[in-house]
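Put the two chains together into one complex; each comes in its own frame, and the hints tell you how they fit.
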Amino acid sequence: MRRVNASMTDAAVARPEDLPVAQLELARSPLPLVPAARAYSLQSLVGHLLVNQSTQAVQATAALPSLALDGNAAGESMAMAEAVTRQWMSLHAQWLEGLAELGQEMGEFRHTNTLSKYVDQEVNLVQQALALVSTQATATVRLLENIQVNLAWWLSQRQPALRP
Amino acid sequence: MSTTSLLPRAAPLPGFRADLSQCSVSGLSSGAFMAVQLHLAHSSMFVGAGVVAGGPYRCAESFRAGAVLAGDAYVQGAMFICMNPLIPQAGPDPDRLLIVAHETAERGDIDPLLHLRDHRLYIFTGTEDTVVRSSVVFTTERFYRMLGVSEANLRFVFDQPAGHALITTNLEDNALAANRPPYLNQWPPGDSAEMQSWTILKHLYHDGLQPPAERLSGRLLRFDQSEFFAGEVPCCFSPYGYVYVPKAVEEGRVEPRIHVALHGCKQGYNYVDLTYGRPDRANDAPYGNRYMTTTGYNEMADTNGIVVLYPQVEGIDDGIVQNPEGCWDWWGYSSTDYYSKNAPQIRTIHRMLQRLGE
Numbered sequence: 001m002r003r004v005n006a007s008m009t010d011a012a013v014a015r016p017e018d019l020p021v022a023q024l025e026l027a028r029s030p031l032p033l034v035p036a037a038r039a040y041s042l043q044s045l046v047g048h049l050l051v052n053q054s055t056q057a058v059q060a061t062a063a064l065p066s067l068a069l070d071g072n073a074a075g076e077s078m079a080m081a082e083a084v085t086r087q088w089m090s091l092h093a094q095w096l097e098g099l100a101e102l103g104q105e106m107g108e109f110r111h112t113n114t115l116s117k118y119v120d121q122e123v124n125l126v127q128q129a130l131a132l133v134s135t136q137a138t139a140t141v142r143l144l145e146n147i148q149v150n151l152a153w154w155l156s157q158r159q160p161a162l163r164p
Numbered sequence: 001m002s003t004t005s006l007l008p009r010a011a012p013l014p015g016f017r018a019d020l021s022q023c024s025v026s027g028l029s030s031g032a033f034m035a036v037q038l039h040l041a042h043s044s045m046f047v048g049a050g051v052v053a054g055g056p057y058r059c060a061e062s063f064r065a066g067a068v069l070a071g072d073a074y075v076q077g078a079m080f081i082c083m084n085p086l087i088p089q090a091g092p093d094p095d096r097l098l099i100v101a102h103e104t105a106e107r108g109d110i111d112p113l114l115h116l117r118d119h120r121l122y123i124f125t126g127t128e129d130t131v132v133r134s135s136v137v138f139t140t141e142r143f144y145r146m147l148g149v150s151e152a153n154l155r156f157v158f159d160q161p162a163g164h165a166l167i168t169t170n171l172e173d174n175a176l177a178a179n180r181p182p183y184l185n186q187w188p189p190g191d192s193a194e195m196q197s198w199t200i201l202k203h204l205y206h207d208g209l210q211p212p213a214e215r216l217s218g219r220l221l222r223f224d225q226s227e228f229f230a231g232e233v234p235c236c237f238s239p240y241g242y243v244y245v246p247k248a249v250e251e252g253r254v255e256p257r258i259h260v261a262l263h264g265c266k267q268g269y270n271y272v273d274l275t276y277g278r279p280d281r282a283n284d285a286p287y288g289n290r291y292m293t294t295t296g297y298n299e300m301a302d303t304n305g306i307v308v309l310y311p312q313v314e315g316i317d318d319g320i321v322q323n324p325e326g327c328w329d330w331w332g333y334s335s336t337d338y339y340s341k342n343a344p345q346i347r348t349i350h351r352m353l354q355r356l357g358e
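If you read the sequences in order, they're chains Y and P.
Residue 131 in the numbering used here sits at position 131 of the first sequence, with consecutive numbering throughout.
Residue 27 in the numbering used here sits at position 27 of the second sequence, with consecutive numbering throughout.
Next up, chain P with everything else stripped away, as it sits in the complex (with noise of 0.2 angstroms):
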């Protein structure tokens, strides 16, 4: 069950005035594969997205045909064809995954598809990944392709150790080919390992990053993410977001832009796992504020003027609604319309953008 309704409000989201032309987004997992359809439906206000461990645009609906019921044939698509295929000819099809991105353009459902051309793009995938299968994202490297990212533009990193997680330099992060919650794996140490948030946001942002802050100067601010549902409950977003805000940009010293984090699968805040079916509230809160605050993305932020929002979302199995992981929705589980910029999550977090940009 939610617990949307049952907790008390936190503050609501400030305003900074935010240039909303140059917002950037990233996200690990199914955050990949959300990150993908929101850079996509309003690609009019991204400079580029990050990809870690995600698939191409639409991908859940690549075999419609596998079933009669779409719900049915989604969440096939999604484990057996965008997760797991047993070979790249029985994964995503990029090709006609393109069709249909130009379709849903035409249709008007999405930003036109010439603003991506521009765009910078970071693509990883570990080669110890268990959990979504390289040639998966190699699919959505030649999808972002085909739609005209340029070689410079486009960074695609496919041949390291790595398992299915964002990768950090934090020694109580699991070992780097590990495929196991908290999804976040360490690089060995080096003069060259660096937070891949970090080699993320370098990238997107090529006009040349200030070093990361040693120690933060802003303020991580919790705020109510149910204001935003303008009377709907889009499914599942948990009762509290995050916005990490420098202390420049707090002080209206800087026009900042925005950075969108969107975590994985059992990472949002909330997050209880579940035993025997079960939340099991005996060991709540397994993940905790991890992705926000040690993932290494507020340092970056901190000293190059960037906020980075942090939504939420929040497991929900209740017969209906089959999200136990608390995954963002990039298979159609919160409604068909998953992709679009009239999609409920989509939604959602559009207008969380469009309040930092009040």
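For reference, chain Y alone in the conformation it holds in the complex (with noise of 0.2 angstroms):
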């Protein structure tokens, strides 16, 4: 995929075959498979999803109660609600560095000679903007992945005799 910023030594002559190339390119693209591979994607993720939490959920229920007989578990388990406190406020931070260098980048004065790059630079902030949102979107599900693993497995690691 082309990236929409541009540059001067991006490709600008034009040659007669550029459109039929395209054109081909897109008739070979899965264009009507689009909808279904979508839909598997999801169903595929959806259903390990299921599986896989429902699968930690036992083993985490089960230990459960061997936690009481565990001195160490209290002191791991506050330990584990700082790490989950700290990796939450490193991601507001990192939420609020970019804003603030959205902003800063925002609220220059800026010139510009041509017109196409007045457009690159206002659909850049753009793009900045979304990719903010998407990276802590996708940080964000990662940080609850990661709990939800070390959970399991630490607690998994309380009842030996369901330890792979």
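Treat the hints loosely; a few may be bogus.
[To be verified] Dumping the calculated SDA-like pairs for lysine to any residue here, alpha-carbon to alpha-carbon at most 25 angstroms: (1) Y:Lys117 - P:Tyr276; (2) Y:Lys117 - Y:Glu101; (3) Y:Lys117 - P:Asp280; (4) Y:Lys117 - P:Arg281.
Since the hints were made in silico from the structure, they are not lab data.
Given below as structure tokens:
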């Protein structure tokens, strides 16, 4: 995929075969399968998530009674809660840093020589905002997965019979 | 998509009659995790390993019961237990992994673990590493100690304020505490600063290496990796690998030893960064040859008759293989057997070593 933000070295010379080649590429692409492919991808993920989370939940639940007899469990669970809080604060800090950088760039008085450069700058700002949101969303989901897997693994170690 | 079959072939890897009982291996990050797998799989060939920011053997399988499918469990284990456990107690369990290693050796899938007792280990983690937590690397040290590696043979460095990187003395590289590509950081200037690769090689070959060359005498050769696939297509080797050959070795004046240097994720010569999930060819190639030309291995190898093998892997994320960042396979993306002598990537590197021994 071609990036939107332009540069002086972008290929701008038109060749006669450009359009037919692009049309051929489009014809070759599996466009009719797009809805099915996206649906399959989502269905596959949901299936894995449901099964995996059920598995982890069963193991975690089974380990819960043993925590009462485990002298280290309280301290370790507190440490895990602190670690989660630190990660969450770090995510929040990255969000604020991103907003600050974006705000700084949006507030700059800039000069452009060409209309295309002006459009390029405006689109870049939109892209940066979208990238910030998507990065945060991905990092947040990753943190949730991290917590879930770590918690289940940590609990499973307290139930030796269920250890893999 | 792999580029392996699309580019013209390079010359074949030459043989140098190397002493295959004196090999060593080192790596950073995924290269370090892979170095551990390779080291245990073929311990009869190696004298030691350098592990910079890497976890213990078969670490990714720590929590197999965490998912129904092995592939899901291994990826989860790699990311959340072997790289970023929230607390050390949620990280890898070296006692359990030791049992797994013994079971694997008893099946004959890897060399007998007795070989490891006399081996030399250099293990490093930076206190500022935010990619692979130091607590994981502490388990690597414990794992090797439990395998019988002696105090004198194991050097564990864990008190330097370094980020996730192989450390050099190059002014162009990132500041010491950085955690970003190209994952090459520099020591602060000072008399004691030296290339980490030199420290690794000096520790692994403790018989007293000559000082590194100020000017290289040998050649960095590009070779065709595909000839080592033997009819298979093991994911995700790049078309070309590289090998540094000192002049004395090329002229047949010394019997060389081999050091295998494994790059980390995003460090293969043809790695291309992703933008919105697609390879950003407009910025190709962001990394290039830095790992094999600027990290110092060649200078130390040059004066000590060491051939440095730099096998290369590339990123593939095609819906089947999920390895967009060109990492070595230490969690099973290419096969559920990623750890034994029969694992696709280990088998391929072993064939390269055999060639160098011819």
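Tested hints:
1. Y:Lys117 - P:Tyr276: Holds, at about 22 angstroms.
2. Y:Lys117 - Y:Glu101: 20 angstroms, holds
3. Y:Lys117 - P:Asp280: With Cα atoms ~21 angstroms apart, Lys117 (chain Y) and Asp280 (chain P) stay inside 25 angstroms; holds.
4. Y:Lys117 - P:Arg281: 22 angstroms, holds
Checked against the numbered hints listed earlier, the structure breaks none of them; every hint is satisfied.
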